[in-house]
Amino acid sequence: MNAIVSLVHFCEVDGPSVIFCTQAFHANSAEDNLDEVSVSSRGSSPVADQTHSDNSRETLSNRKEPFVNINRPAPASCASCAFSLPPLDTKPIHNSEIKGFKTRDEENPLVTYKGSRYPQDQQLYAAVRQACVRSLSCEFCQGREGPVLFGDDKNGYVLSYMFKIKDSQARGFQRWYSFIFLMTDRVYLVESWPFLVSKFRILATGIQSKANQIFEKENAAKEERNDGTFLTRSGPLPPTSPDQFLRRRANQPLRSLVDLLKSKDFFVQLHANFSWILKACGRHLQEKPINDQTMFPNSVVFSPKTIMLLDPIATCQSSFGLNCLKGDYETRIEDLKALYNILGLDAFRKLILNFVKGNQLIIRGNDPRIVQSVISNLKELVPNECCSIMENENNYQTISKCNILGLSATTQIPDDVNKSTVCSLYISQDYNKSPKDDIARMNTFEFDLQYGIDDKWIYSAPNSFINQLLGILKLNLPNELMNTRIMIFKEQWSSKAKQFLRFITGNNNEGRNASANMDLTKQMEVIKYLDINENDLPIIKFWAGLKTT
Amino acid sequence: MSHSEGDEYSLHTSPIGNDVSEDPVQDHRPRLLIMGLRRSGKSSIQKVVFHKMPANETLFLESTSKIIKENITSFIDFQVWDFPGQIDYFDTATYDSDVIFGEYGALIFVIDAQDDYIEALNRLHQTVLRAHERNKNLTFEVFIHKVDALSDEYKIDTQRDIQQRTTDELADVGLENVPLSFYLTSIYDHSIFEAFSKVIQKLIPQLPTLENLLNILCSNSGIEKAFLFDVNSKIYIATDSSPVDMQTYEICSDMIDVIIDISEIYGRTTSFHHISDEIYEDNQTQVETNGKTGNYGTTTDTANDAASLIKLNNGMVLCLRGVNRFLALVCLLRSDNFEKHGLIDYNFQCFKQAIADVFELKRRSAERFRHEGMRLSVSEENVGG
Ligand SMILES: Nc1nc2c(ncn2[C@@H]2O[C@H](COP(=O)(O)OP(=O)(O)O)[C@@H](O)[C@H]2O)c(=O)[nH]1
Ligand SMILES: [Mg+2]
Numbered sequence: 000m001n002a003i004v005s006l007v008h009f010c011e012v013d014g015p016s017v018i019f020c021t022q023a024f025h026a027n028s029a030e031d032n033l034d035e036v037s038v039s040s041r042g043s044s045p046v047a048d049q050t051h052s053d054n055s056r057e058t059l060s061n062r063k064e065p066f067v068n069i070n071r072p073a074p075a076s077c078a079s080c081a082f083s084l085p086p087l088d089t090k091p092i093h094n095s096e097i098k099g100f101k102t103r104d105e106e107n108p109l110v111t112y113k114g115s116r117y118p119q120d121q122q123l124y125a126a127v128r129q130a131c132v133r134s135l136s137c138e139f140c141q142g143r144e145g146p147v148l149f150g151d152d153k154n155g156y157v158l159s160y161m162f163k164i165k166d167s168q169a170r171g172f173q174r175w176y177s178f179i180f181l182m183t184d185r186v187y188l189v190e191s192w193p194f195l196v197s198k199f200r201i202l203a204t205g206i207q208s209k210a211n212q213i214f215e216k217e218n219a220a221k222e223e224r225n226d227g228t229f230l231t232r233s234g235p236l237p238p239t240s241p242d243q244f245l246r247r248r249a250n251q252p253l254r255s256l257v258d259l260l261k262s263k264d265f266f267v268q269l270h271a272n273f274s275w276i277l278k279a280c281g282r283h284l285q286e287k288p289i290n291d292q293t294m295f296p297n298s299v300v301f302s303p304k305t306i307m308l309l310d311p312i313a314t315c316q317s318s319f320g321l322n323c324l325k326g327d328y329e330t331r332i333e334d335l336k337a338l339y340n341i342l343g344l345d346a347f348r349k350l351i352l353n354f355v356k357g358n359q360l361i362i363r364g365n366d367p368r369i370v371q372s373v374i375s376n377l378k379e380l381v382p383n384e385c386c387s388i389m390e391n392e393n394n395y396q397t398i399s400k401c402n403i404l405g406l407s408a409t410t411q412i413p414d415d416v417n418k419s420t421v422c423s424l425y426i427s428q429d430y431n432k433s434p435k436d437d438i439a440r441m442n443t444f445e446f447d448l449q450y451g452i453d454d455k456w457i458y459s460a461p462n463s464f465i466n467q468l469l470g471i472l473k474l475n476l477p478n479e480l481m482n483t484r485i486m487i488f489k490e491q492w493s494s495k496a497k498q499f500l501r502f503i504t505g506n507n508n509e510g511r512n513a514s515a516n517m518d519l520t521k522q523m524e525v526i527k528y529l530d531i532n533e534n535d536l537p538i539i540k541f542w543a544g545l546k547t548t
Numbered sequence: 000m001s002h003s004e005g006d007e008y009s010l011h012t013s014p015i016g017n018d019v020s021e022d023p024v025q026d027h028r029p030r031l032l033i034m035g036l037r038r039s040g041k042s043s044i045q046k047v048v049f050h051k052m053p054a055n056e057t058l059f060l061e062s063t064s065k066i067i068k069e070n071i072t073s074f075i076d077f078q079v080w081d082f083p084g085q086i087d088y089f090d091t092a093t094y095d096s097d098v099i100f101g102e103y104g105a106l107i108f109v110i111d112a113q114d115d116y117i118e119a120l121n122r123l124h125q126t127v128l129r130a131h132e133r134n135k136n137l138t139f140e141v142f143i144h145k146v147d148a149l150s151d152e153y154k155i156d157t158q159r160d161i162q163q164r165t166t167d168e169l170a171d172v173g174l175e176n177v178p179l180s181f182y183l184t185s186i187y188d189h190s191i192f193e194a195f196s197k198v199i200q201k202l203i204p205q206l207p208t209l210e211n212l213l214n215i216l217c218s219n220s221g222i223e224k225a226f227l228f229d230v231n232s233k234i235y236i237a238t239d240s241s242p243v244d245m246q247t248y249e250i251c252s253d254m255i256d257v258i259i260d261i262s263e264i265y266g267r268t269t270s271f272h273h274i275s276d277e278i279y280e281d282n283q284t285q286v287e288t289n290g291k292t293g294n295y296g297t298t299t300d301t302a303n304d305a306a307s308l309i310k311l312n313n314g315m316v317l318c319l320r321g322v323n324r325f326l327a328l329v330c331l332l333r334s335d336n337f338e339k340h341g342l343i344d345y346n347f348q349c350f351k352q353a354i355a356d357v358f359e360l361k362r363r364s365a366e367r368f369r370h371e372g373m374r375l376s377v378s379e380e381n382v383g384g
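Just so you know, the sequences run in chain order C and V. Residues in the first sequence are numbered from 0 upward in steps of one, following numbering that gives the first Met the number 0. Residues in the second sequence are numbered from 0 upward in steps of one, following numbering that gives the first Met the number 0.
Because the hints were derived from the structure by calculation, they are not lab data. Be aware that a few hints might be false.
Unchecked claim - A short, non-exhaustive set of chain V residues, derived as facing chain C with CB atoms under 8 Å:
| hint | residue |
| --- | --- |
| 1 | 37 |
| 2 | 59 |
| 3 | 61 |
| 4 | 65 |
| 5 | 67 |
| 6 | 70 |
| 7 | 86 |
| 8 | 91 |
Stated by the list, open to error - Chain C is nowhere near these chain V residues, computed Cβ spacing over 10 Å in every case:
| hint | residue |
| --- | --- |
| 9 | 66 |
| 10 | 116 |
| 11 | 164 |
| 12 | 215 |
To be verified - Beta-carbon label-pair distances, calculated as ranges:
| hint | chain 1 | residue 1 | chain 2 | residue 2 | range |
| --- | --- | --- | --- | --- | --- |
| 13 | V | 188 | C | 221 | 52 to 62 Å |
| 14 | V | 175 | C | 261 | 30 to 40 Å |
| 15 | C | 26 | V | 95 | 52 to 62 Å |
Every residue, glycine too, gets a C-beta built ideally from N, C-alpha and C.
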């Protein structure tokens with residue numbers, strides 16, 4: 000995401016002026032010189048032209064302002080738009096003046112955030128400057144304070160959040176500021192509007208309330224001074240008119256924000272906030288279709304099942320989801336609901352739980368088509384990367400090779416396999432009982448479920464995953480809709496797993512093996528936030544690719 | 000004059016909606032562009048003249064960050080644009096200066112006379128140069144402002160100096176033919192209203208006719224001085240050709256205030272209110288309204304019936320008559336001339352009728368113009384199709 004955040008101000012002396020900008024740089028696109036000023040921003044600025052890399056490397060000092068007002072003083076000279084740093088403990092390495100900050104992204108070492116008065120790229124500078132002028136002196140927002148969105152393809156799109164702050168020395172006792180978020184992608188910008196506006200509003204009200212307090216204090220002090228000294232004034236004569244008095248001050252620029260708010264690290268904090276906004280906004284926007292698959296693979300239009308529906312025989316499809324193709328005996332289990340109907344609540348629950356928490360399923364049967372259909376139904380329940388399938392094997396394969404194994408009916412499971420990590424389902428259909436109706440057809444199935452996790456674990460406490468799944472299956476939905484619903488359900492859970500993973504890896508940099516040492520109370524907090532149950536933890540961990548032991 | 004709320008507009012073409020009639024830049028009323036350095040008093044002028052803001056309150060005006068555009072609806076419709084002093088609107092990369100300066104109207108440049116005005120003069124020269132480049136028909140008015148703190152002598156010197164430097168400068172770049180007018184103004188007295196009156200008079204094509212009518216009225220009724228006022232702003236849009244002396248202007252302008260105040264207090268409930276009691280003012284002026292006081296502040300139709308008479312203790316009579324919704328005639332005459340006030344009333348009726356005719360003519364021609372414009376665009380379409 001290429002964006003730049005900045006704070007701009009309508010300065011009493013200079014008019015609209017840029018005070019501070021923060022920009023994200025990616026290590027592969029920006030060279031990382033020690034000297035802040037000479038850092039080229041090619042490739043990583045919203046409007047930077049990839050082709051003219053070297054001419055864009057210009058330093059702050061020798062750049063000419065593209066927008067020169069008649070007789071306007073140089074922008075750097077004005078105190079009210081100055082940006083300054085808190086006094087440093089250590090002396091800067093360079094004897095030159097410090098021009099900005101650099102923040103490294105702890106989670107992503109490739110990214111740095113740089114804060115400075117202006118962006119270094121010439122073209123980007125022009126775009127920011129334009130956005131600044133336009134947002135402060137042209138755009139109008141309902142109630143004057145608040146967000147507006149404007150822009151074009153040439154200069155990028157801008158969200159500008161305008162606000163005013165109190166200053167007892169300013170004309171009309173107020174000064175105008177705006178936060179500007181500039182990027183090339185209009186759609187992104189519009190999508191992140193609620194996020195950006197809420198963050199900007201928080202920042203703005205923070206500054207405003209601080210300024211208000213100081214304003215009140217200064218006003219009170221001024222009144223006191225007037226009362227006390229009015230009669231006993233000595234020294235130079237008082238100014239003859241209030242305007243003269245104001246004018247005397249008017250030729251000096253107003254205080255900078257650091258002085259006005261009496262907060263030395265104002266810009267450090269601002270930079271931190273801007274960096275966070277850039278980061279969060281980027282993360283927020285870069286969401287992609289999960290698992291690199293299209294959201295709905297069994298989309299209504301292309302699903303083979305839809306085509307089957309056109310087949311006259313397919314109309315015999317029952318509410319149990321058993322579908323007969325080409326004659327009575329070509330039977331398969333069409334969907335999860337059918338499987339549920341065959342297995343019944345307890346067996347179904349056990350099978351599914353074993354599967355989604357990472358145990359191996361061994362499916363056997365007298366008809367490979369049935370085995371196949373069971374497998375294809377089950378695999379829809381977990382993310383692709385959590386599922387490796389061997390459909391038709393004659394020998395047992397370990398869980399490291401596959402977690403769904405279609406095994407021939409006679410093969411034995413070796414004794415040395417830990418029986419609590421596998422769950423075996425034998426399912427068969429008796430073709431001799433020729434079914435008269437759907438219920439009868441369902442009754443032609445027989446099954447046997449063995450091994451797997453302790454029943455106690457299954458029933459001891461509520462498990463949101465299985466409960467939600469059962470809730471969905473109980474809905475009386477048409478097939479296509481049911482598939483879609485289950486798909487969405489899976490996406491929801493895999494996003495929970497991702498958030499969990501992000502939280503864990505975000506907290507300690509050792510990465511995936513960290514989950515074990517992660518303290519439990521923290522995990523419980525995340526669980527609460529993710530709206531899941533303690534019993535779902537193994538599922539989430541499995542889905543997130545974390546080893547469970 | 001009634002004012003639409005102070006609006007701020009973007010000068011960038013709006014991305015949505017190309018609603019032409021709503022767009023202020025497409026609006027072809029004459030424009031008064033108030034420019035000048037920051038803190039020179041532009042917003043104060045606009046507030047005092049068109050919003051009746053007391054001069055002292057302008058101390059608390061905040062600095063202007065956008066062009067504030069205001070529609071003034073009166074005997075003529077025009078716009079007042081208050082500019083922020085910090086921004087260069089000739090910068091073609093950011094602003095469409097042809098749109099801003101392209102319209103018929105006047106550019107008022109305000110200079111703070113209490114300050115060092117060298118920078119202001121530089122800006123003035125640049126502004127005249129570039130605005131003239133874009134629109135040859137723009138008239139330039141220079142307000143040497145805030146002269147209230149200056150002695151009379153110093154005022155004259157300042158004006159001479161500014162005038163001299165400006166004409167020299169413009170002659171250097173070959174613009175000696177661009178007409179510039181200079182005024183000494185302050186919001187603390189009537190000078191700002193007088194200056195504004197003169198600026199607006201230049202925008203009224205009927206001015207010679209109006210002046211003629213006033214001359215005829217004055218000579219036939221024994222009137223010393225007559226002003227045709229715009230009631231709400233106290234700008235006079237025409238006067239007879241005898242010289243304007245400041246005191247006369249002030250007292251006439253004050254009379255409008257008196258009438259507005261009284262009608263605001265007593266004229267609200269009934270449009271015809273009889274004030275039978277005699278009202279004495281501080282300066283021993285006897286106020287005598289002969290029965291009909293219209294409600295001025297809000298432009299009601301009864302305003303045309305308003306009439307008021309004030310006898311001054313120096314033997315003069317101030318006489319006010321409503322002319323139409325926006326205008327009032329205020330004249331000063333000797334009380335012995337006022338003996339024949341039947342004649343004056345008659346003359347006044349004729350005058351009123353004539354004014355009505357003048358503006359009716361203007362209205363009709365405007366309508367015709369509009370029709371023609373429409374027909375023109377229709378036929379253009381035909382050609383195009
Ligand atoms: N003494 C004096 N002060 C004035 C006059 N007109 C304006 N001011 C003061 O000048 C200051 C700036 O006025 P403002 O209208 O905001 O300036 P702008 O930036 O040009 O719009 C205010 O404090 C006004 O009170 C004037 O005629 N005389
Ligand atoms: Mg102003």
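To see whether the hints hold, each was checked on the structure:
1. Interface restraint check: residue 37 of chain V against chain C, minimum CB-CB distance 7 Å, threshold 8 Å, status holds.
2. The interface hint given for residue 59 of chain V is met, as the beta carbon of that residue sits about 6 Å from the closest beta carbon of chain C, less than 8 Å.
3. Because the closest C-beta pair between residue 61 of chain V and chain C is about 2 Å apart, less than 8 Å, the hint holds.
4. A hinted interface residue such as residue 65 of chain V counts as satisfied when its beta carbon comes closer than 8 Å to some beta carbon of chain C; here the least separation is about 5 Å, so the hint holds.
5. A distance limit of 8 Å between C-beta atoms decides the matter here; for residue 67 of chain V the minimum to chain C is near 11 Å, and the interface restraint is violated.
6. At a threshold of 8 Å, the smallest CB-CB gap from residue 70 of chain V to chain C is about 16 Å, leaving the interface hint violated.
7. Given hint, residue 86 of chain V at the interface with chain C, holds; its Cβ is 5 Å from that chain's nearest Cβ, closer than 8 Å.
8. For residue 91 of chain V, the suggested interface contact is broken, since its CB lies about 11 Å from the closest CB of chain C, more than 8 Å.
9. Residue placement check: residue 66 of chain V does not keep its beta carbon more than 10 Å from all beta carbons of chain C (closest about 8 Å).
10. The beta carbon of residue 116 of chain V is kept farther than 10 Å from every beta carbon of chain C, the shortest such distance being approximately 13 Å.
11. Even its closest Cβ contact with chain C, about 16 Å, leaves residue 164 of chain V beyond 10 Å, as expected for a residue assigned away from the interface.
12. For residue 215 of chain V, the non-interface assignment is confirmed: its Cβ lies about 45 Å from the closest Cβ of chain C, beyond the 10 Å cut-off.
13. Distance hint check: the CB atoms of residue 188 of chain V and residue 221 of chain C are about 30 Å apart, inconsistent with the given range 52 to 62 Å.
14. In this structure the hint that residue 175 of chain V and residue 261 of chain C lie 30 to 40 Å apart at CB is violated, the actual value being about 55 Å.
15. Distance hint for residue 26 of chain C and residue 95 of chain V: a CB-CB separation of about 42 Å, inconsistent with the stated range 52 to 62 Å.
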